[in-house]
Amino acid sequence: MDTKNLILRTKFIDRMCHWTMVACFFLVAMSGLSWFFPSLSWMNGVLGTPQLARMLHPFLGTVVFVLLICMFFRFVHHNMPVRTDVTWFRNIVDVLMNRHTKPLKIGKYNAGQKILFWCIMLLISALFATGVVAWRPYFAGYFPIPAIRLALLAHSLAGLGLSCWSLGISIWVSGCAGPLRGCSQAMFPVHGLNSIMTAGMKKRLHPLRILRQSIIHDQRPHRYPGTR
Amino acid sequence: MLPEGLGRLFACGGMSDGPFPEQYEPTETPLASNPLHPKVTYNPTARVLKDDRARMGEQKDFPYVATTYSITELFRHWTKHSRLNAIAQPEQFVEIGEKLAGRLNIAAGDKVKVSSKRGYIEAKAVVTKRLRTLNVMGHDLDQIGIPCHWGFEGATRKGFLANTLSPAVGDANTQTPEFKAFLVNVEKA
Amino acid sequence: MAMQSQDIIRRSATNGLTPAPQARDHQQEVAKLIDVSICTGCKGCQVACSEWNDLRDEVGHNVGVYDNPADLTAETWTVIRFDEVEDESGRLEWLLRKEGCMHCEEPGCLKACPSPGAIVQFANGIVDFQSDQCIGCGYCIAGCPFDVPRINKKDNKAYKCTLCADRVSVGQEPACVKTCPTGAISFGSKADMKDLAATRVAELKSRGHEGAGLYDPQGVGGTHVMYVLTHADKPEMYHRLPKDPHISRLCAAGKNG
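Chains as they are written, first to last, in the working numbering: chain F, 1 to 228; chain V, 1 to 189; chain U, 1 to 257.
Among the hints, a few may not be true.
[Said to hold, decoys possible] Among chain F residues calculated to face chain U with C-beta under 10 Å, some are:
#	residue
1	51
2	55
3	79
4	136
5	148
6	149
7	151
8	152
[To be verified] With beta-carbon atoms standing in for the labels, derived distance ranges:
#	chain 1	residue 1	chain 2	residue 2	range
9	V	14	U	147	58 to 64 Å
10	V	138	U	189	57 to 63 Å
11	U	27	F	141	34 to 40 Å
12	U	56	V	78	15 to 21 Å
13	U	94	V	54	36 to 42 Å
These are calculated hints, taken from the structure and not from any lab test. Since this is a predicted model, take the numbers as computed values, not measurements. By construction, the Cβ of each residue, glycine as well, lies at the ideal position given by its N, Cα and C atoms.
The following block holds chain F by itself, in its conformation from the complex:
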């Protein structure tokens, strides 16, 4: 593979963080869904027995949350809303139709990705907070039962929402999404596995970053990411 024109997009540590989180999230989501839809109770088998699944679920959820917090601090500066995000929204139809005719003035992440970022942060924080309220035997005893009922409901809905969302986004990004078709090797998934992209892609998808940082291949141009 010719790596000459490739740009390091996401550092190894960030990708590790992301994928550990995704792996844990899958386990947590499967066990969680098994309790929301009892007909899917076989799904908690991924964590062993039902008892073990119940015990591990909150701990793995905490791992997800902690990793997400790390990612939050590493990525938040890319995800602050800026004036040019409006341009992306105005041209949302073109973006979805994969017509890259107008300059969209996008930084590392486009406005859609920023929304994704903030929604995921919000949902996982909500899941963590409500999960702690309902966490037996450690914390639930400190909360009144009506609060626990509310927390369980919010937890279920947030969990369901996040599961649908992350599943949907993954499917969309990995194949169906117009602007990403043909470059899944570089982009799959949105901020993770393959952290490299071609300079051409970068110019097309992230023009502002090119302007601001000049071409990154000055710094680490020829290395396959993650290798030393």
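Chains V and U: place on chain F using the hints.
This is chains V and U only, laid out in the frame that chain F set:
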């Protein structure tokens, strides 16, 4: 009770304080004198030893009346050694009326010190509406309840002996100890 | 247990598409009737419960009330609640209530439980926890309108009164009923217990307890533990016994199926 199944109002023999029943105050009484006959306040025929007499308190130091009693969960000092009884009533407590507790700033569950001229105990306070401030001869009088089951050993939590507080005087005829009415002070421990 | 599995008419986290066992469907619904006006608060029922069920809770603390243990726990399935209530005229009543699982006809715990078969309802109405299936999530606690189940810190499983399902299945009354020295607790078919309650309520009313009545709340489909209350119009007086208990909508929505 006599062989014919009845008691007698006039008991000519056998009673050291007969023949008629008489009202006496407890040996340790909060009243200055017997309301019915001021000259004889407590039973003159009850045996009180000299040293025990010296250990009787007065109302100015010990303003409340205490009564000791048993509760259904425990029997004497026996069943405090049984785990199941201990679970049902694990820790020594005294019962204090709401009004008195309010005045002494004692809340339910607080540790209190109850003392008489003869010694003291410490116990949890059960604050209750069931014990009300009495009005005796125009004066307010508070009474506290002291269940008497806990001690230095057992399956329950360790406690004090309630009889540390009670006076060494018995009924004139039966020597039944006078543990139902004596004087104490109560304070937050 | 082998035969009891044939008496299970409802099972947690199990959809209704497949039928419950029905071969032995001639069973009567049972009920325990607790007459609070006869209770003396001796706690004999608490001790009998612990004896029969081999429970030995911690020796706790006195927290300023007669109630001890201070609350239901995983190892205390029933407690007597002592409430001192004064009415408008200043008349004091010491209200006693034996607290424990009410064995609802429509159990909130069973509805909320996400673990298949961890909570079952028998044909006679008894709601029972199957500890080997329990995952310790505590949803039953959130689902219960009476705040009854408790998680055991030692094994992370939920526990509550079984209505002595083992004794009842062989024709005996629950241990608390057997031991009650004043006859405040009765046990029999639900119909018989309702009849008995009617007699008692009539008697209490004739003695001037205008508000006397049976507590068999319909919000949970009726219960298999019922009370005769001297103040049935104000059940909250008896240590916050809910006037109209029902399964929280939040709980019903928090789990699907």
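Evaluated hints:
Using the Cβ-Cβ criterion of 10 Å, the hint placing residue 51 of chain F at the interface with chain U is satisfied: the shortest such distance is roughly 5 Å. Here the hint on residue 55 of chain F is kept, as its CB sits about 7 Å from the closest CB of chain U, short of 10 Å. Contact between residue 79 of chain F and chain U, as hinted, is not supported at the beta carbon level, the nearest pair being about 31 Å apart and thus beyond 10 Å. Here the hint on residue 136 of chain F is kept, as its CB sits about 4 Å from the closest CB of chain U, short of 10 Å.
The restraint placing residue 148 of chain F at the interface with chain U holds, with a minimum CB-CB distance near 5 Å, inside the 10 Å limit. Evaluation of the residue 149 of chain F hint against chain U yields a held restraint, the C-beta minimum of about 4 Å falling below 10 Å. At about 9 Å, the closest approach between the beta carbon of residue 151 of chain F and any beta carbon in chain U falls short of 10 Å, and the interface hint on this residue holds. At about 4 Å, the closest approach between the beta carbon of residue 152 of chain F and any beta carbon in chain U falls short of 10 Å, and the interface hint on this residue holds.
Between residue 14 of chain V and residue 147 of chain U the CB atoms are about 60 Å apart, so this pair conforms to the stated range of 58 to 64 Å. Taking the beta carbon of each, residue 138 of chain V and residue 189 of chain U are about 60 Å apart, inside 57 to 63 Å as hinted. Between residue 27 of chain U and residue 141 of chain F the beta carbon distance is about 37 Å. The supplied range of 34 to 40 Å therefore holds. Evaluation of the 15 to 21 Å hint for residue 56 of chain U and residue 78 of chain V yields a pass: the beta carbon distance comes to about 19 Å.
Range check, residue 94 of chain U to residue 54 of chain V: about 40 Å between beta-carbon atoms, so the 36 to 42 Å window is met.
The structure fails hint 3 only (numbered hints given earlier).
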